[in-house]
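Going down the list, the protein sequences come from chains A and B. In terms of my numbering, the first sequence opens at residue 288 and continues consecutively. In terms of my numbering, the second sequence opens at residue 30 and continues consecutively.
Incorrect hints may appear among the rest.
To be verified - In silico DSS-like pairs for lysine-lysine, Cα to Cα no more than 25 angstroms straight-line:
| no. | chain 1 | residue 1 | chain 2 | residue 2 |
| --- | --- | --- | --- | --- |
| 1 | A | K461 | B | K285 |
| 2 | A | K457 | B | K152 |
| 3 | A | K574 | A | K359 |
| 4 | B | K54 | A | K474 |
| 5 | A | K461 | B | K245 |
| 6 | A | K474 | A | K457 |
| 7 | B | K152 | A | K461 |
| 8 | A | K461 | B | K163 |
| 9 | B | K129 | A | K474 |
| 10 | A | K457 | A | K359 |
| 11 | A | K474 | B | K114 |
| 12 | B | K245 | B | K54 |
| 13 | B | K245 | B | K285 |
| 14 | B | K163 | A | K474 |
| 15 | B | K146 | A | K474 |
| 16 | B | K152 | A | K574 |
| 17 | B | K191 | B | K146 |
| 18 | A | K457 | B | K245 |
| 19 | B | K285 | A | K474 |
Simulated from the structure, these hints should not be mistaken for lab results.
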Amino acid sequence: MKLIDHTKVLKHMKPRIVSNIFFRLLFMAATIFGLLILGILLYRVITQGIGYLDFQFLQNLPSRKPEQAGVKTALIGTIWLMGVVAPVTLLLSVGTAIYLEEYAQKSRFTRFIQVNISNLAGVPSIVFGLLGLTVFVRALALGTSVLAAGLTMSLLVLPIIIVASQEAIKAVPKELREASYGMGATKWQTILHVVLPAAIPGILTGGILALSRAIGETAPLVVLGLPLFLAFLPKSVFDMFTVLPMQIYNWTGRPQEEFQGVAAAGIIVLLTMLIIMNSIAVFIRNKFQKRY
Amino acid sequence: MNATIEKPRVRLVMTDTNRDALQNKELVYKTSELNLWYGDNHALKNIDLDIYENEVTAIIGPSGCGKSTYIKTLNRMIELVPGVKTSGKIEYRGRNIFDKSYGVEELRTRVGMVFQKPNPFPKSIYENVVYGPKIHGIKDKKVLDQIVEESLKGAAIWDEVKDRLNENAFGLSGGQQQRLCIARCLAIEPDVILMDEPTSALDPISTLKVEELVQKLKKEFSIIIVTHNMQQAARISDKTAFFLNGEVIEFTNTDKIFSNPADKRTEDYITGRFG
Ligand SMILES: Nc1ncnc2c1ncn2[C@@H]1O[C@H](COP(=O)(O)OP(=O)(O)OP(=O)(O)O)[C@@H](O)[C@H]1O
Ligand SMILES: [Mg+2]
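With the rest of the complex left out, here is chain B (with noise of 0.2 angstroms):
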């Protein structure tokens, strides 16, 4: 995106992975055996799920199942819930996320993530933006300039603040705040996207056009997005995985789980049978 910040992409070699699933694609996440508590809750359950480079991977599943909880384990943002335990596995591009010497800030800053309700800052459109990248140290205004008009872009929002950048973020629409949350997230030049439900406060214009980004965003970025929109996972996935009680009842490609689901709730689920 931007060619004056050196995007560190360390690539390793998969040792136990099945290159016919993989297309090629290189693996970025590959969850082992992952169980987690809320206290006694047992909210995930033996997790196995591997994410691809590139491609959108869609969780869906009943309220309550472990969908937020799953994908903000991903980026250890779980750890602010006091109370939370963990065990298995979590590699992002070979290295368990778990391991203590691995620093959350240095995990954040390749994952970005997106909420489900919009939430910029009480600041202005430009400084939402540049806020991760001032984070990480970078200081110069031209490049910082730069990843605005870049992000905004991205964010198919440029046209409609380029004249308002030193405005207030909250000044925007619904929609507008939620590509500004995008921006933001794309700011920061991640490698990987959590998205939790990003347009479940939209209009359905403004849900189109997150939706169309999404389609934009994984040639660069691989994609995991929680849904409770059966059409939205169908029309923008590569691979849907389907949570239930905690547990992966379904995870394969999206073509195949929508319309030959192999597992009965699986199907019952997605022709809207429960849930």
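Same shape as in the complex, but just chain A (with noise of 0.2 angstroms):
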């Protein structure tokens, strides 16, 4: 076999040496353009608002002053709002998840089903508002309550968390089924000792990295007409609240220099949750990792 010029393989390697390192480049200036955008905002929010992020500014209630705003109804309604998200959405999408990768038998219904699914996953969110603001705002007078508004939100991440739950059973490997099945254990049997104990870290993950798009979500929320500026604390879920984007949204809002500064602080707390939130998920993915 003489097919190959060796000489011209010599000649060729220069060029391709050439291409791999100026991709090499690209790449990483792609890379570093988004840390550097990344960067600049941080840097931005943290100078503007570190000088009004101080524990007062935690535990004060919302303020015509901007030196005596505080956080605190914002912060509040936002954890009453994950209380009432987290354990919706994990029941209802663990439960379809289950029903369509377990129980359902493949037919062009449950395809109807998925394709949906992922079709909601894309719907733009003040959709989900307008959604909230009829059937649960109006039709069930809830009113702009922390149910009404956690329902919404629920709704909104539900798709996302189907998702990522039915990937999670589906990487259940089928030999281990196979070894309950084997034994006589029923299908119920086999979801609950073998199929979800191997599932949950990956249920987990995208459950909480889809709690963290909730946090952040504003345009559903101001669809269904939450008030910007709360002076109280929500004592139950049907009480009215407000949530940190709209608190941001609002002091952006204002004439006043100060309560720029007011909103970067604000941006800090949120962020700040928000990167807690994802630190869990990735403990719990490093955690529990495969382990097959």
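Using the hints, put the two chains back together into the complex; each one sits in its own frame.
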């Protein structure tokens, strides 16, 4: 075999290596661009907001005076919102995922459901806001309560968690299921003792990431008509409340220059919450990473 | 194995069996005219096969001839594959397992299965062994402890793991994992053990251990084993069935099939001329 001329191969060597270096630099530049923007954003927010951020800021109620304004109602409101969204979405989405993956026969109907779940994940959040406004706020007369907003947000993130849970359930090796069925376990016993323990880290990771999306969403809550300014805390899920992004939105709209700083401090609080939640997700993923 | 759990063993009188062939052994499985399709793929064709108590029945044949399909049909594991159709009959101790009234869970508590690839649960060694008994509703810790010891001893792995019962089973070697899976299967005190190439992922020493184990276990259980290894079939089995393209070409005593096969195709296969 003399199909390859090795002097030619050597001649081609240089351009190959040069283009390799070129693309490496190109992709590195893309990464650095993203990081740079993020860095500038963080720098601006932190330099602007850090002066207003202290323990008082977390404890004070909102106020017309920037130096007294605090984030307490919004922060507590966000926690209330999560308190509704987390259980509702986890129950509904894990149930749906188990049904679709384990119980439902693969039919045209289940494929139809599947496609629509994926489509729902792409629906703009403001549409969910309109749905929540008609169904929860008006038809069920829940008003702008924690419950109405929580259910709306649940609908918004439900498709994401369902898909994440389905992926986690699918990733459980079929050999483990076979081992369980082979000993006479019922489907439910197999799900409970084999599938779920193996899938839970994946489900939780997806769930927390979706929750952190719910925390940052503003549009649907604006549509629901959540108050921008609230000087008292909710006592039950039927009470009015507001959340961090709404509060920040409110502050940025104020004419006084100082409120820009207050808003930045609010953003720092929100970002800190998101970072904590994402870290928990990463921690769970690493700790319980697939051991099969 | 364990006196605290009673072993319901239904003994039925066979009407249409040949007592000579029986050698006074009871029929465990009687397969008649079994056909199976994966969609349009006719994977098993008119299978007739009798399996007797306390015997090792080996199933040999080239890749894709339907060996796994057949033994998965014996505990109806095949139903996990969508689009499978069957016709014919498989009687397990006199009852047709395809009967609507026959619960698949009930069948599988009597017919254990060991798979080709060791598949322990990502749980402790102890939890792996008690999985079956717990599923069947046994909660007494003393009984479970006893089951663990007996089963691990039965699977010849007790000495290797007795000090690390609470460690994750994934820390065991492949051969140890396979014996753990056998122990897990023994723990449900089955009547029949189905093994699908249980040694194909193992080294020669672990293979030997599993083979010795099979010899020992057949005193208590009936064993059906799929293997690609002719020597293994010859060493450990009492009867051998040769499958080809979804049909049983020859089914008789192992001595006979290896020394004097009746069919030319069997001879070609076992002498390595094809397959
Ligand atoms: N899940 C499945 N879906 C569709 N067809 C299948 C499936 N499993 C097996 N088959 C087909 O059924 C036939 C028998 O397969 P089977 O797995 O029983 O072979 P085997 O004798 O166990 O082979 P091997 O020795 O390679 O394990 C093959 O033609 C195979 O393609
Ligand atoms: Mg096979």
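Do the hints match the structure? See the list:
As the CA atoms of A/K461 and B/K285 are separated by approximately 38 angstroms, the hinted pair breaks the 25 angstroms bound. Taking the CA atoms of A/K457 and B/K152, the gap is about 19 angstroms. The hint holds against a cut of 25 angstroms. For the proposed pair A/K574 and A/K359, the alpha carbon gap of about 33 angstroms is over 25 angstroms, so the pair is violated. Note on B/K54 and A/K474: the hinted pairing is violated, with a Cα-Cα distance of about 35 angstroms set against a maximum of 25 angstroms.
With a CA separation close to 30 angstroms, the supplied pair A/K461 and B/K245 exceeds the 25 angstroms bound. A hinted pair counts as satisfied when its Cα atoms are at most 25 angstroms apart, and A/K474 with A/K457 qualifies at roughly 15 angstroms. Our distance criterion of 25 angstroms between C-alpha atoms is met by B/K152 and A/K461, whose separation comes to about 16 angstroms. For the given pair, A/K461 sits about 21 angstroms from B/K163 by alpha-carbon distance, which is consistent with the 25 angstroms threshold.
Only pairs whose Cα atoms come within 25 angstroms are accepted, and B/K129 paired with A/K474 is accepted, the gap being roughly 18 angstroms. Note on A/K457 and A/K359: the hinted pairing is violated, with a Cα-Cα distance of about 42 angstroms set against a maximum of 25 angstroms. Taking the CA atoms of A/K474 and B/K114, the gap is about 21 angstroms. The hint holds against a cut of 25 angstroms. Taking the CA atoms of B/K245 and B/K54, the gap is near 17 angstroms; set against the 25 angstroms cutoff, the hint holds.
Proximity of B/K245 to B/K285 is assessed by CA-CA distance (about 23 angstroms); at most 25 angstroms being required, the pair is judged to hold. Using a Cα cut-off of 25 angstroms, the hinted pair B/K163 and A/K474 holds, with the two alpha carbons roughly 15 angstroms apart. Pair hint B/K146 plus A/K474 holds up; C-alpha atoms about 22 angstroms apart against a cutoff of 25 angstroms. At roughly 15 angstroms between alpha-carbon atoms, B/K152 and A/K574 fall within 25 angstroms of each other, so this suggested pair holds.
Between B/K191 and B/K146, the direct Cα distance comes to roughly 23 angstroms. Compliance with the 25 angstroms bound is thereby established for this hinted pair. Of the pairs offered as hints, the one joining A/K457 and B/K245 is violated, with about 38 angstroms between alpha carbons and a cut-off of 25 angstroms exceeded. Between B/K285 and A/K474, the direct Cα distance comes to roughly 43 angstroms. Violation of the 25 angstroms bound is thereby established for this hinted pair.
Consistency with the previously given hints fails for numbers 1, 3, 4, 5, 10, 18, 19, ordered from lowest to highest.
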